[in-house]
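Visitor: The lines below spell out each chain.
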Amino acid sequence: MITWIRRNLFRSITDSILTVVSASILGFVVLQVFQFVFITGRWEIIQVNLKILLVGRFPEDMMFLVGFSILATCFSIASLASGVSRTVETTPRLAGRLWELFQRFGLIIATSAFLIVLAGDLDAILFGAYVLLAILGGRLFGRARRNASLRKLPGWLWVTINATLPLVLIFLTMGQAALEEWGGFLINFYLAVVSIALSFPLGVLLALGRRSTLPLLRWLCTAYIELLRGAPLFVLLLLAGVALEFFIPASIAPDAIFRAVTVFTLFTAAYLAEVIRGGLQSIPKGQAEAGKALGLSTFKITFLITLPQALRNVIPAQIGQFISLFKDTTLAGVALSVFDLLNVGTAITKQDDYLGQGLIYESLAFVGLLFWVGSYVMSRESQRIEKKLGVGIR
Amino acid sequence: MSNEVFKDASKMSGGRDSDDAIIVIDGVYKRFKEFEALKNINMQVGRREVVVVIGPSGSGKSTLIRCINRLEAHDDGHILVDGTALTTDIRNIQEIRKETGMVFQNFNLFPHLTVLTNVAIGPRRVRGLSKSASEELAMELLTRVKIPEQADKFPAQLSGGQQQRVALARALAMTPKVMLFDEPTSALDPEMINEVLDAMKELAQDGMTMIVVTHEMGFAREVADRVVFMDKGEIVEVGTPSEIFDNPKEERTKKFLSQIL
Ligand SMILES: Nc1ncnc2c1ncn2[C@@H]1O[C@H](COP(=O)(O)OP(=O)(O)OP(=O)(O)O)[C@@H](O)[C@H]1O
Ligand SMILES: [Mg+2]
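Quick note, the sequences are listed as chains A and B, same order.
Under the working numbering, the first residue of the first sequence is numbered 37, with each subsequent residue one higher.
Under the working numbering, the first residue of the second sequence is numbered 2, with each subsequent residue one higher.
Mixed in with the good hints, there may be bad ones.
What the hints assert, rightly or not - Covered stretches of chain A, going by a simulated chain B footprint (3 or more residues, C-beta under 8 angstroms):
id : region
1  : 237 to 248
2  : 251 to 260
Unchecked claim - Quick list of simulated restraints, FRET-style, between CB atoms:
id : chain 1 : residue 1 : chain 2 : residue 2 : range
3  : A       : 423       : B       : 259       : 47 to 55 angstroms
4  : A       : 339       : B       : 223       : 37 to 45 angstroms
5  : A       : 423       : B       : 206       : 40 to 48 angstroms
6  : A       : 423       : B       : 92        : 38 to 46 angstroms
7  : B       : 208       : A       : 196       : 53 to 61 angstroms
Since the hints were derived computationally from the structure, they do not count as laboratory data.
Note that beta-carbon positions come from the ideal geometry of N, C-alpha and C, so glycine has one too.
Make a model of the complete structure from these sequences and hints.
Guide: Right, here's the structure in full:
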């Protein structure tokens, strides 16, 4: 230990200075954060406004639908994650497995526990338990496909079930409340889930279209991709706020959420398309040739051979796009005046009880925490799936 | 397509009678931009015949056999496989690809599929067999190339020789009438070459029609009915193994053989 310290931290004078300086900065930051979190922070503003922050003023009697939509999303994600990966390399030792589980779920469980404590009621605990059940159920459904029981279920059907289940519930829920009533993190969550689910197939089609041998199709896809990648997301959102009226009469114009979903989907699809196209280009020509030599059609070569490998190769970049999308949903709040988490977070500091007390730090810290946890979990899962699929090995 | 076109071809081939031919190549040219990779190739392959193609690097051996299943499109001339003419018509191309199996130098197995699925994919997705029937067939073929125990692994977990035998099984699963081999042992470590050559010999003994591009002269001598020597995009000399190896007539053949033997 001491030799390690000496060798790695104090090898030379410069090393030692750097070590001391960075250690003091680190110590200072940690101390400040600790003080803020446990001593000076006035967290009652979060506690009092917890429901508004999470779901806005969503009608109480329809809350069960929100719950179902979240459970369905957890179920589907767990199912997809365990269904696409194969051969679980189990660590033989119990301690190792526990450590693995801790790495994967520790942060989620800690955050959930934190929220439950903040909420401080039985329903929250119950809901936490349901989420756990949904995740376990999803894993079972995912594994069932890989193992014997659901072998007969075609892959595309299984994916479709997983993708539509949460979407249907989310759309159902969104229809239950006027936009003024709901808000908070639920908006960011829904925007992200729906846009991810819709932009993925669109991105795949655009990528394939851009590689198509049909000139018109290729040209259209290229134009679309370059156009959207060249435009700032924020501008697109602002445009969606006003421009749709030009095309659609105001009476049937979709509300802000649908506009936001449209923009996020179209925008993310363009980026995804480029990522996926890169993946397709990385597949050796011999793969398609082997498919041709067997007599497979171009369509089957794409969907059975090249595309699955391409998607696998670019998992980190794809998830990266999804993480950006998740965080960018806060832009919708500003551009389209939707009451998303960030907007609610700033609004609560202007309540009579808290006005002028500088509680914006507490509020932003909470907002940031939720986004950070979400992003971090996605990024970790992407690494895990990548490892399980053996990227770089096969 | 009338038979007239091929009258000349059968004379030039020096091979068997054209009624017997399963592959007829007549006056075929292939160009990459200005470069002529194949120049006036005429050749026939009879049923159950094993033809070995040899020649220096860049002489067009790969291009020739890749034209037979249309991985390359020839520019001039005609190619007939089992009576079907290779044209731009995609149905003809698919028909011919179903009848011809190909084994590549670097295997080209599908890395994301198990060994069993690699072999079963052709029968299932092209011939439309059920999942269980195609897997049963795949298992039979894996047994035939002597690696049934590897069925559930992924290609990357196998040795080179094993991978190439999977590739062979994958091609055979389509019950092809002709097998094309493009340097099937060139990417293998020396100690694995024989296991692949043995599997190929067995296949030849079972009466498969084969066109093999290879540098394994021992295999050519032992298994080939005819040896074709190519150079600079042309067929320079055709003959039985002993004619080519012991008694080459052309200067270029002699020079090539002296360099490699
Ligand atoms: N796609 C291509 N584009 C341009 N030139 C090509 C292409 N494929 C092959 N060639 C050229 O055609 C010639 C014949 O190539 P081919 O691969 O058939 O040779 P080969 O006899 O198989 O050689 P080797 O023993 O090295 O495999 C070579 O000069 C090569 O450079
Ligand atoms: Mg070659």
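Visitor: Look at each hint and say if it fits the structure.
Guide: Results of checking the hints against the structure:
no.: 1; hint: 237 to 248; verdict: violated (count 0)
no.: 2; hint: 251 to 260; verdict: violated (count 0)
no.: 3; hint: A/423 - B/259: 47 to 55 angstroms; verdict: holds (53 angstroms)
no.: 4; hint: A/339 - B/223: 37 to 45 angstroms; verdict: holds (43 angstroms)
no.: 5; hint: A/423 - B/206: 40 to 48 angstroms; verdict: holds (45 angstroms)
no.: 6; hint: A/423 - B/92: 38 to 46 angstroms; verdict: holds (44 angstroms)
no.: 7; hint: B/208 - A/196: 53 to 61 angstroms; verdict: violated (46 angstroms)
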